[in-house]
Amino acid sequence: MNALSKPETGGILSLALVIAILPAFLPNSFYFDVVILVGINAIVCVGLNLLIGYTGQISLGHAGFFGLGAYFSGILVSIHGWPPLVALIAGAVFVGVLAYILARPVMKLRGHYLAMGTLGMGIVISIVLNQEGDLTGGPDGMPVDAFSVFGWEPGNELTWYWMVGGLLLIAVWLALNLINSPVGRALRAVHGSEVAASVAGVDVARYKSLVFVVSAVFASVAGSLFAHYSGFLTPSEADFFHSIELVTMVVLGGMASVFGAVVGAAVLTLLPQLLTVFHDYEMLVFGAAMMITMIFMRRGLVPTLQSAFNRWRK
Amino acid sequence: MSMLRVENLNMSFGGVHAVENMSFSVIPGTIHSIIGPNGAGKTTLFNLITGVYSPSSGRVFFNDRDITNIPTFELAKYGISRTFQNLQIFFNMSAVENVMVGNHLKTDSRFLPALFGLSSIKRGERECRERAEQIMCDVGLEKFIGSDADSMPYGALKWLEIARALASEPAVLLLDEPAAGLNPSETSEIDDLIKRVAEKGITVILVEHDMKLVMGVSDHILVLDSGRKLAEGTAEEIRKNPDVIEAYLGHRRRAR
Ligand SMILES: Nc1ncnc2c1ncn2[C@@H]1O[C@H](COP(=O)(O)OP(=O)(O)OP(=O)(O)O)[C@@H](O)[C@H]1O
Ligand SMILES: [Mg+2]
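If you read the sequences in order, they're chains A and B.
Throughout the first sequence, residue numbering follows the numbering used here, covering 30 to 343 in sequence.
Throughout the second sequence, residue numbering follows the numbering used here, covering 20 to 275 in sequence.
These are computed hints drawn from the structure, not numbers from a lab.
Just so we're clear, the structure is a prediction, and the values are computed from it rather than from any experiment.
From the three backbone atoms N, C-alpha and C, an ideal C-beta is built for every residue, glycine too.
Watch out, some of these pointers could steer you wrong.
[What the hints assert, rightly or not] Covered by chain A, according to a simulated footprint, are these stretches of chain B (three or more residues, beta-carbon under 8 Å):
(1) 96-105
(2) 108-114
(3) 130-140
[Unchecked claim] If the Cβ cut is set under 8 Å, some of the chain B residues that face chain A in the computed set are:
(4) N27
(5) T69
(6) F92
Given only the sequences and the hints, what does the whole structure look like? Please build it.
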């Protein structure tokens, strides 16, 4: 199945189709709201999956990058009056540079140490957002102005829907391009065997830094979108629980599967929202999802279903 | 002239002297075997030459350039490639992709063109895949071209490692026990392959326990024992060397 990368063109078309026809089935703005959040989470997960699923490096702190992107937009736009698009790009550049600086020491770590290192990184970011009350409003949060590009504003849910949907498609397209290139192969080789990858000439440290930066930038952009969409930010966007949510989405959907990341984000964003009984037990839903995946389908939803389908076709 | 030269190399792990005061050189285009009992330091020597470990002291030269502390991924650019005694397969990839990684240095690995899926990247990928398939055919892995690495039998994986190493078009290929775990007919195929590789002008450094294989293919043999050089010479010289008979074959006799 790994050998066949062709279905991916079909995959991106199917995703585009789903995005195109979905509005017809969404009865009211509550559902649009949920689906837009799915899209924002999915963008983060597509990036995070490059790091976790493809390169085999864990991060328990990616909500930190999401939060930084969100606050960067919030502060630059609402306090300093920057154009939102410029703030989004500036935030992405800042987060990219920060991730690059952090990558060298952090990505040297392996296994549990890497988990603890990235966990600490996320916690530090979340503490800073909490403590810098003058800038961020501290634990009370801060309001964020509406998004706009050259005077155009995505006024209602439907325009937001198209915007997030479009950006998700772009994110998926970029991730697929990367994976199906020598760069992506090098990342997967790092996952498979670091020593064999280096013997083949792959600069393991460089590729780990690269994918760390890319995944952080995806999270930052999604964070900026979220800031404008929700109109209000609290430091919980950057906290540990959010990081865990993101990792769970990647693992449930399927590691090393771009579409798995989208499906994982969809399932775990929808479940607590739609089954309101679960709402108070959100933690429990995530915990259960993680355990069930680990026990019954280690590779995650999409890869498991894909191999089942391939077997059935034969 | 020597292609690879090792001078006074030492490596110890804690109290264990895995390699002690080792010096030897390898003549280009030859098959150079390294033999010795278990724990003699053969794999450690490979790890020192390929930059996986840094020696405690001593130097390694490649075409008279000091490569002692050059990281492994840089050494690939010099044309040094190897296989592993404990297989290091990319089990998260297909067989062909494993071989394609071997070709990494000749592919276009710039980030932005890859991210935006430029057509030159796609074209390069097609060529890279064709080359990889060709190499798999050359080593007799054609029936695994459509396989995932994790569905291949052990013997085929050993060939896959060699195919991956050959994909980098190395100047020198280090093989760590390529015949271990293979049956006699597979071993004789390895024998053929090593000879074919050497005919292409690739220098081969072979670590192997199978004496029939070693005696048959080697231009030069280096015998290690407990990290030290015990003897060196042609197959004929080694066969007659009393130290080797005592230390190396003696182990076996006593073991029986
Ligand atoms: N990473 C390591 N840490 C500690 N000791 C090591 C390490 N690698 C090798 N050694 C020790 O160094 C010595 C030489 O080991 P090495 O693997 O080089 O032997 P070898 O000749 O390849 O043996 P074999 O024929 O069994 O493969 C052994 O005593 C081994 O235990
Ligand atoms: Mg060994």
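Here is what the structure says about each hint:
1. 96-105: holds (count 4)
2. 108-114: Coverage by chain A holds here, the residue count being 7 at a Cβ distance below 8 Å.
3. 130-140: holds (count 7)
4. N27: Constraint on N27 (chain B) not satisfied, violated at 25 Å.
5. T69: Check passed: Cβ of T69 (chain B) comes within 6 Å of chain A, closer than 8 Å.
6. F92: holds (4 Å)
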